[in-house]
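Undergrad: Those protein sequence lines, which keep their order, are chains X and Z. In terms of numbering that gives the first Met the number 0, the first sequence opens at residue 0 and continues consecutively. In terms of numbering that gives the first Met the number 0, the second sequence opens at residue 0 and continues consecutively.
Because the hints were derived from the structure by calculation, they are not lab data. Virtual Cβ for every residue (Gly too), placed ideally from N, Cα, C. Incorrect hints may have been included.
[Stated by the list, open to error] A few chain X positions that, by computed beta-carbon distances, are all more than 12 angstroms from chain Z: (1) LYS77; (2) ALA81; (3) PRO92; (4) GLU135; (5) GLU167.
[Said to hold, decoys possible] In silico negatives: residues of chain X with every beta carbon more than 10 angstroms from chain Z: (6) VAL87; (7) ALA93; (8) VAL139; (9) TYR142; (10) GLU159; (11) VAL161.
[What the hints assert, rightly or not] To be clear about the criterion: a stretch of chain Z counts as covered by chain X if any three or more of its residues have a C-beta under 8 angstroms from a C-beta of chain X, and this derived list gives those stretches: (12) 0-11; (13) 64-76; (14) 101-108.
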Amino acid sequence: MKKVRLATVWLDGCSGCHMSLLDIDEAIVAIAKRVDVVYGPLVDAQEFPKAVDVTLIEGAVSSQDDLEKVHTIRRWSKLVVALGDCAVTGNVPAMRNSHPARKMLERIYVEGAQATKGVPVDGVPALLRQAVPVHEVIKVDLYIPGCPPTPAAIAYALGELVEGRMPELASKVKFG
Amino acid sequence: MPENISIRIDGEYVPAQDGQTILEVARAGNKYIPTLCWLAGISSVGACRLCIVEVSGVGRLLPACTTPVQDGMSVTTNSEKLTQYRRIAIEFLFSERNHRCAVCVSNNHCELQSMAQRLGVTSVRYPYAYPKLAVDLSHPRFVLDHNRCILCTRCVRVCTEVEGAHVWDVSSRGIRSMIVCDMNRPWAQSSSCTNCGKCVQVCPTGALAEKGFAVDEMVKQDRNVSRLTARRGGHS
Ligand code: SF4
Ligand code: SF4
Ligand code: SF4
Ligand code: FES
């Protein structure tokens, strides 16, 4: 049987959703047999591949780099899944949104700094004005809220997706 | 004695009395209608629109908690259309303030959160407003966090109708509406608050909470308030 090409992406999140993904117990064995993980923090690929069946996105869209990534993801993925509250609602990364990004950076890297004071600019992507949920930037096909989503919800959703079915998550999942 | 009448809810005849609301009749007949701003024991205001129902012959949806029954009325409590509008109401509440369930005192004990789940809301289709809002930490025992307030006015009503103190009110209109203490001063400076805590216990979200509770820990006791009013013979 043809394997499902699966990508996972880690944007502005804490990696807790990826942890929950690895925490699905023996369900992972059955799912691993049905998928090729073609991109993500768990594999080596540098570039986002050109043909992906399902992409799971953890984290809010928070920086210029995140923004470019989600557009690339949408372009090459058949199905985009927002995994976890940061991707679905903005959640904790969006707590900065009521204040200007510049003020927040200065508060942390200038006022709050002990030794080297200064907002880092080299080698780090610029922050967007606000950290926003993925669907405010690109079309999202499925939402799995939760902080993190429960392993049961992830296992069920992946189990359906590898069979080519759309999971019905309404009332099985919650925010928080 | 109020007159006995009969109405139909989802096709079934249920006994009712003149003067009752659709919600009261439905509850007495064990028919579930979702509610959020309504609370047993205090007056109904129709603020959240979760309890909307279809009444045949009426073109618009009506809130069950404030609509009085009429003889021969036929009410539908559940339909695709109603679920759609109820979801929209919930999504607006989320988009208007700053809700982060994962780091909220009321996580897993919140009526907004559980209603979203019950109605199958898995995302919010409207852009979030991210308003910059204050948190009143002045009171020695309680906190008011406007970020999590859904303007249900349960606090206003319980403080006025049950405690008799009338500390809370709603200032401004529309999206600028805000719960205010006395004539808009910090809670600790209220001259009318008796520190009874009733507002905290009836608040359906994490907007009013007791100090000293961490994420997940704030469990409300709104039934105590309803029980108290039942004993006094107030609204049921
Ligand atoms: S008040 Fe309820 S919905 Fe809002 S953040 Fe807290 S738990 Fe979530
Ligand atoms: S603690 Fe009691 S008196 Fe004070 S505001 Fe709340 S309900 Fe009113
Ligand atoms: S503070 Fe709580 S009880 Fe008062 S209006 Fe806001 S959500 Fe309702
Ligand atoms: S419960 Fe009826 S409008 Fe809120």
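Undergrad: All hints, please: hold or fail.
TA: Hint check results:
1. At roughly 19 angstroms, the least C-beta separation between LYS77(X) and chain Z is larger than 12 angstroms, which holds for a residue marked as non-interface.
2. A beta-carbon of chain Z comes within 12 angstroms of the beta-carbon of ALA81(X); the shortest separation is about 7 angstroms.
3. Annotated as non-interface, PRO92(X) brings its C-beta within 12 angstroms of a C-beta of chain Z; the closest such distance is 10 angstroms.
4. Not every CB of chain Z lies more than 12 angstroms from the CB of GLU135(X), the least distance being 6 angstroms, so the non-interface label is violated.
5. GLU167(X), annotated as away from the interface, has a beta carbon of chain Z within 12 angstroms; the closest lies near 9 angstroms.
6. The beta carbon of VAL87(X) sits about 5 angstroms from the closest Cβ of chain Z, which is not more than 10 angstroms, so the claim that it is off the interface is violated.
7. With a closest Cβ-Cβ approach of about 7 angstroms to chain Z, ALA93(X) is found to fall inside the 10 angstroms limit, against its non-interface label.
8. Some Cβ of chain Z comes within 10 angstroms of the Cβ of VAL139(X); the nearest lies about 7 angstroms off, and the non-interface call is violated.
9. Non-interface call for TYR142(X) relative to chain Z: violated, since the shortest CB-CB distance, roughly 4 angstroms, does not exceed 10 angstroms.
10. Interface exclusion of GLU159(X) from chain Z stands, the closest Cβ pair being 14 angstroms apart, more than 10 angstroms.
11. Non-interface status of VAL161(X) relative to chain Z is upheld: no Cβ of that chain comes within 10 angstroms, the nearest being about 20 angstroms off.
12. Interface restraint, the stretch 0-11 of chain Z with chain X: violated (0 residues with C-beta to C-beta distance below 8 angstroms; minimum three).
13. Counting residues of the stretch 64-76 of chain Z whose C-beta sits closer than 8 angstroms to any C-beta of chain X gives 0, which falls short of three, so the coverage hint is violated.
14. Check on the stretch 101-108 of chain Z: 5 of its residues sit with their Cβ under 8 angstroms from a Cβ of chain X, so the three-residue criterion for coverage holds.
Comparing the model with each numbered hint stated earlier shows that hints 2, 3, 4, 5, 6, 7, 8, 9, 12 and 13 do not hold.
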